[in-house]
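Residue numbers (our numbering), protein chains in the order written: chain A, 1 to 220; chain B, 1 to 220.
To be clear, the hints were calculated from the coordinates, so they are not data collected in a lab. Every value quoted in this text rests on a predicted model; they were computed, and no experiment measured them. Just so it is clear, CB atoms sit at the ideal spot from N, CA and C, and this is done for glycine as well. Errors might be hidden in some of the hints.
[Said to hold, decoys possible] Computed footprint of chain B on chain A; a stretch qualifies when at least three of its residues, placed anywhere within it, have a C-beta under 8 Å from a C-beta of chain B: (1) 67 to 73; (2) 76 to 85; (3) 99 to 109; (4) 194 to 201.
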Amino acid sequence: MFDYNFHWRPVLKTLPDLIDAALLTLQVAILAMLIGIVIGLCLALIRLHMKGSLYWFATSWVELARNTPALFQLFFFGFGLGAFGLHLSPYLIVLTALSFNCAGYLAENFRGGFLAIPDTQMRSARSLGMTAWQAYTRIVIPQVFRIVYHPITNQIVWCVLMSSLGMLVGFRELSGETQFFASRTFRIFEYFAATAVIYYVIVKLILVASRILAARLFRY
Amino acid sequence: MEPSLSFFSDFNINDFWFLGQAAVRTLWISLLSISLGTVLGIFFGWALYEGKLAATLTLAPLLDVFRSVPLIIQLVLFYNFAPIVGLNLDPFGSGVVILTIYTSALVANVARGGIEAVGKPLRNAARSLGISYWQDLRYIVFPIGGRAVFPAWVGVALGVMKDSALVSVLGYVELLKASQILITRTQEPFLILIVAGAFYFALSYPISRYAANLEKSWAQ
């Protein structure tokens, strides 16, 4: 049926390299996620509580991140900033673009989470003698965390998948490494099939880990 | 005027026109895959809801693969796989096929959510009034469930519109690829990326605002 001979041996031979690259993918995705969570939280709080230029800054960040393609953002940090003589390494390009994107998406999730907590929670905590900081960190944030837990999980998965765009700016994470080997051996289909399997496994592992963590965190 | 020969020339009105045409191509490939994918996705969603065991064993994992592997890998994989089984597709065809399946995988979940959003008693009541199964789907489930998940569907559609930028990997000259071509010639990455980004933003932002407002007014 097929007029094509599959050659899986080169893929098997370089599998350790692919696994290493997969770890790099995970590393970038998790780092971008952590940065995104911190910035996203700030953006959400700014959009909820502030007015003026800060509000507009946060709003334009969120809207730009959500309304342009991730690939465009990657090119912007890669080539666009080059116009100002700011040449980032491929690793930094992917990290900044992913963080920028994640921060924008997470900010909206966090904002929805904060809006879902009734004002009365904060007021009753304050009337019990908690300081604003205590009330925020002990009463509001834990409840928000519960609401945004699943969106955050989705965002991690999305982040891992999106890091594959790194191959277009010459970053040798899983996809970049795959392209490198594929173009060296001309076994394009085999290499990308193997990579697809690796991505699938990574995503499933993340989802399983998240479910186990959720079962432990939200027992009550 | 200096009589010097240069490979580079400035960004002019023709280039703007070139970007505009590319934006139309982005719109065309997105519209095609979103409409095909939505029809297919609604069917899959219905199958997931009604098919019970058979669907959860076959269709659900299959659709899950398309959500768990980066789109760029899917595109490269399919583009290189199609000739093996004797299909000769141009980049546009491959892009439409993969984007359609990708859309349908996302829409399937949305559609199932929509069907589940319609209360069982309501449907039973409809059936007991003598309405047939298909009439029930057409006149009861579709309007009510569709309304419940319309904002989610808009989110999916906008996501696919932005992800259509990835078809540039196969060489289809859509908006982002066009901007890359212009950057190579004019060496003005910042300006051109801003223009390309503005096109995407202009396509995406009004629709996302419209969906958000709709969601807000329906929530009341």
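Hint by hint, here is what the structure shows:
Against chain B, the stretch 67 to 73 of chain A contributes 6 residues with a C-beta closer than 8 Å to a partner C-beta. That satisfies the three-residue criterion, and the hint holds. Under a criterion of three residues with beta carbons nearer than 8 Å to beta carbons of chain B, the stated coverage of the stretch 76 to 85 of chain A is upheld, 7 such residues being counted. With 0 residues bearing a CB less than 8 Å from a CB of chain B, the stretch 99 to 109 of chain A misses the requirement of three and the coverage assertion fails. With 4 residues bearing a CB less than 8 Å from a CB of chain B, the stretch 194 to 201 of chain A meets the requirement of three and the coverage assertion stands.
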